[in-house]
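Engineer: Here's the letter readout for the chains.
2 protein chains.
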Amino acid sequence: MEDLEINKLVVFGVGLIGGSFAAALKKADKVKHVVGVGRGQENLARALQLGLIDEATNDVALALRDADFVLLAVPMGQMAPIFSQIAPYLEAGVVVSDAGSTKGDIIVAARRVLGARFSRFVPAHPIAGAEQSGASAARSDLFIGKKVIVTPEADTDGMARHRVAQAWSACGAEVISLSATQHDQVLAAVSHLPHVLAYGLVHMIAMQPNAEQLFEFAAGGFKDFTRIASSSVEMWRDICMGNRDALLHYLNAYQLQLKQFVGFLETGDAHAIEAIFAKAREAREQWLAKKI
Amino acid sequence: MEDLEINKLVVFGVGLIGGSFAAALKKADKVKHVVGVGRGQENLARALQLGLIDEATNDVALALRDADFVLLAVPMGQMAPIFSQIAPYLEAGVVVSDAGSTKGDIIVAARRVLGARFSRFVPAHPIAGAEQSGASAARSDLFIGKKVIVTPEADTDGMARHRVAQAWSACGAEVISLSATQHDQVLAAVSHLPHVLAYGLVHMIAMQPNAEQLFEFAAGGFKDFTRIASSSVEMWRDICMGNRDALLHYLNAYQLQLKQFVGFLETGDAHAIEAIFAKAREAREQWLAKKI
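If you're matching them up, the sequences are chains A and B in order.
In this text, residue positions in the first sequence follow the numbering used here: the first is -3, and each later residue adds one.
In this text, residue positions in the second sequence follow the numbering used here: the first is -3, and each later residue adds one.
I should point out that these hints are in silico values taken from the structure, not numbers from a laboratory.
Because the structure is a prediction, the values reported are computed rather than measured.
Heads up, a few of these hints could be off.
A pair counts as met if it fits within one copy or between any two copies, since identical chains are not told apart.
To be verified - DSS-like, lysine-lysine: derived pairs with alpha carbons at most 27 Å apart: (1) K275 <-> K255; (2) K28 <-> K255; (3) K275 <-> K219; (4) K23 <-> K4; (5) K219 <-> K255; (6) K219 <-> K143; (7) K4 <-> K143.
Build out the structure end to end from the sequences listed, making use of the hints.
Structural biologist: Rendered as structure tokens:
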């Protein structure tokens, strides 16, 4: 198969992810022209100024003319409306991808709206930090060494798959293919659930009558544990709603875990508590050792 | 009251906390002679080599002769046995303090063993990170800007309280007085519970049939969230057992929090989920703003 060369890349949502994708492809010399589309004029102006994009517009028809690669890097709630907007203007041969955190719900929406063009859509999810946001946070090295999960369907076009994988590889990422269901289950366990647990702890403490005193003595461990509870509220609401079934599955497993722990604590079973902690600590150390 | 001057400080457990306490008091020129007592000969030798202590011994009677300040900085499980060991040798005027993470249970143990000498015991808890351990991790600046909670009882000697507060102040810490019950409740909420939740998540994932795949896609958010699940297993087992009632209270509150969240997710109440996340995020941001 030929080397990746994108003539016209259209990025919907030139924020941390969309802006970094454009910047990385530019740096790798894989794209000739980048058009940014978005509702925030100020952010688009900044993206132009930073050289992340070459052109900014809100005219979808104009943006998609002669485009050969389209990336949707917008909040989950905007994905379906944008699929509807772009559907009439998708030319033959254009490849569409996204950077959404859940995949099953996006595939349902894309299939409904794109019809026959669905085969040109390659769902993807770059697993890269997203605490900062906006074009100013974009950087060409954001994806280096990071994982990008692509979740093609049985009817996804092979060449489209190949081009999307090439694009993320050119950004320095490791591209891994999973089914959408696998993706959503895995991310529910190691990303969505921890976010819910962190938000939940801070919320529970904030609702206590002596919340101010409790926060006064919170220290470094609490700070790290709850860092993800400073994430975007809208983004995580959408992720929870979009991945409801898998999240409920692991929330149930976690509730059982806590119930078991409470039982051990109530009966004073120090040995069982030690066994849980030891297993967890060992598993985390093994994980860290592999990650490095 | 006169300035703090310790002639002979005896530190049981010359690890991160005990070693740093000795180092800080030496640097502040508040102590003339430091004796380290501990079971680990290698660690004591290292403490001597590093100048944290001037003398190392396992002879408790010898260590306590003419001592005027005794710090117990050992794991919670060793506190009661050491109280028993030192009780016969505590001379009049000596001040005893500890650095344990729970206070109610230590007070019960100390009261039982020390008898009339209990009034010279000032329970304390420096809230300072404890990921590294051993004498090698000790540093004189560990407590600068950190909080130390002292939990004197009604019958605690006023001069002993004063000397303990002076010592921690000399280490650069902010000394705050709470009742032991208050201390144990506050720490259960903002420290002990998060540890249980983090250990619990890693344990739950490690027990899944596809644990390897789940860990493969765990990223930065998971890493920070679970950092405290790499803490000492024995230490946290003892803390959980020592602060059982308060921990069970907040575990119950947290289980209700999760149950409520699951209900919102099951009924698809995106608005309620957003409200929880928004309240949590706002509370955390306010906490961070005050901390700085």
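Engineer: Each hint needs a verdict: does it hold in this structure or not?
Structural biologist: Evaluation of the provided hints:
no.	hint	in the structure
1	K275 <-> K255	both (17 Å within a copy, 26 Å between copies)
2	K28 <-> K255	neither (57 Å within a copy, 52 Å between copies)
3	K275 <-> K219	both (24 Å within a copy, 16 Å between copies)
4	K23 <-> K4	within (15 Å within a copy, 65 Å between copies)
5	K219 <-> K255	both (25 Å within a copy, 24 Å between copies)
6	K219 <-> K143	both (26 Å within a copy, 15 Å between copies)
7	K4 <-> K143	within (25 Å within a copy, 57 Å between copies)
Hint compliance for this structure: hint 2 alone is broken.
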